[in-house]
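Here's the letter readout for the chains.
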Amino acid sequence: MLAALGVLPWLAGSGFWLTSATLVLLYALLGQSWNVLGGYGGQYSFGQALFFGAGAFASGVLQIRLGVNAWLAAALGIGAGAALGAAVGWLVFRYRLRGSYFALVTLAFAELARILVAAFAFTGGGFGLLVPLRRGAATFQFADPRIPYTLLWLVVVGSCLLGLWLERSRFGARLLALRENEAAAQALGVAPVRLKTQAITLSAALAATAGVFYLQIFLFVDSGGGFGPAMSIAALLAPIIGGLGTPFGALYGAVLMHLLGEAAKRVSGHAPGLDLAFYGVILLLMLRFLPAGLAGIGRRDA
Amino acid sequence: MLEVAGLSKSFGGLHAVRDASLVLAPGEILGLIGPNGAGKTTLFGLISGFIAPDAGTVRLDGAAITGLPPEAICARGLARTFQIVQPFGRLSVRENIAIGAHLHEPRRAAALAAAGTVAGRLGLTDRLDQPARTLTLAGRKRLEVARALATSPRVLLLDEVMAGLNPSEIADLLPLVRAIADSGVGIVMIEHVMQAVVNLCARVCVLNHGSVIARGSPAEIATDARVVEAYLGHGAAARLGRHAA
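Top to bottom, those sequences are chains A and B.
At position 13 of the first sequence (counting the first as 1) the number is 13 in the numbering used here, and the numbers step up by one without a gap.
Counting from 1 along the second sequence, just add 1000 to a position and that's the residue number in the numbering used here.
Any given hint could turn out to be false.
Stated by the list, open to error - Estimated spans, in silico, between C-beta atoms of each pair:
no., chain 1, residue 1, chain 2, residue 2, range
1, B, 1072, A, 12, 53 to 61 Å
2, B, 1133, A, 130, 32 to 40 Å
3, B, 1123, A, 10, 56 to 64 Å
4, B, 1133, A, 284, 20 to 28 Å
5, A, 229, B, 1123, 48 to 56 Å
6, B, 1130, A, 11, 41 to 49 Å
7, B, 1134, A, 229, 36 to 44 Å
8, B, 1152, A, 112, 39 to 47 Å
What the hints assert, rightly or not - Coverage of chain B stretches by chain A, computed from C-beta distances (three or more under 8 Å per stretch; other residues unrestricted):
no., stretch
9, 1025-1033
10, 1084-1095
11, 1141-1151
Calculated from the structure, these hints are not laboratory results.
Each residue gets a CB set at the ideal place from its N, CA and C atoms; glycine is no exception.
Work out the full structure: start from the sequences and follow the hints.
Structural data, given as structure tokens:
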């Protein structure tokens, strides 16, 4: 699947399929970011858009308002997302917020960011941030869309490798133990607050990376698109549908959601909001019949 | 190696543990018994850092560990098991035990190998690759001990590891606990199964209403009037004495 996505633009050229595949990769990356914390760590964030938006807006503001080089701005955007993740994690986990409380607090943080960003002209206000068109490698704006696509593809490959690493490392093993039983993990020497904060930092860095790519590819981001609940929902749907806590689950989920979403749009004649209702139905069917997700098909222990 | 002095904890108006003290030597198995609600599990919670004590100190090899979080206490060499077994259900038995081994072993492969060795000591070798949630209760109790043992503790707190097991399962587990102590680990065990207490413990501590009411060998404890009354009610010791006479 990864290989097919990698060669796709070079075979199919640009246009509709490339845009579709780009969105799939963005959602796969965003989904994987959620999967690190939610799938492996069992902490279900409903505000993953906070980190996605932080990456996009931090890098956008740095480029547009402060004239920072696009690549440096991208790196700083990812750093800002990670720092925000660490700060949120430290606050939230220290006070032992778990389960639905954690979900609500993350949702609240994302909404807060959405409203704050829309309130100030410096951050684009109600309109959003528009990156001035200046094609070139130095501005991270390539004339050939296959180049950013391939860069994004490499990052998604990296995020899948990260998933594989989680399954083969002490960090990942401890994260799974926390997900399964926090008290038992603590009794065996696992420090929950520190580990969960590390996981949310990693998760936020990945989400911010997706945000940075989103900005550089579409050259536009607004507060609703960057920090809105739709992005948070997309982040969690992909891994839940594809397979929680599996290296490729978010990728599978992103591909399936996109294909079904497009099909639904065609059948319904682009009725607004219908694709969201359709995602809801898919989610219900998956939870009923395939609780382990697409990655669970054919697995003995599914 | 383990010294508990004057530990107290109240929940609201209830004195769950009151001025409890005990001392444990390396390789010793100390029994902790008492009626339901006597405060035994709370005492384990206080020693292992899951509950903060109101007063008193816990020392491990002379260093105070009172008030440290559970993970720090585990890292210093004191591990516990849970009365209500707490497996990592979807992880395999090997992966469960490896979490304990990871305390001192950062490498995954080495931790998994160490888990295999510990599983052998607890007779879990043939169940290494099955998910922990598919184990029987006896298997889960062994897994609790195996995971704690994998952290290479110097002191092990066992909370009713024999409860709910049938007599042959208990007979199988007794030598395994004995072997752990013989390797130099000090063990405190909460136990209602007297077959286990009599077999394993040279010294027994009896808790009632949060206070230590008696200490001694199992034989001394069995004839102690306060202990008999704690279990059978006020005046029971006298009535039993009349029956015997």
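Evaluation of the provided hints:
1. B:1072 / A:12: 53 to 61 Å: holds, 56 Å
2. B:1133 / A:130: 32 to 40 Å: violated, 53 Å
3. B:1123 / A:10: 56 to 64 Å: holds, 57 Å
4. B:1133 / A:284: 20 to 28 Å: At 25 Å between Cβs, range holds.
5. A:229 / B:1123: 48 to 56 Å: holds, 52 Å
6. B:1130 / A:11: 41 to 49 Å: holds, 45 Å
7. B:1134 / A:229: 36 to 44 Å: holds, 39 Å
8. B:1152 / A:112: 39 to 47 Å: Because 46 Å falls inside the window, the suggested range holds.
9. 1025-1033: Violated, because only 0 residues of the stretch 1025-1033 of chain B bring their Cβ atoms closer than 8 Å to Cβ atoms of chain A.
10. 1084-1095: holds (count 7)
11. 1141-1151: It holds, with 4 qualifying residues against the three required.
In summary, the structure is inconsistent with hints 2, 9 from the numbered list given earlier, while agreeing with the others.
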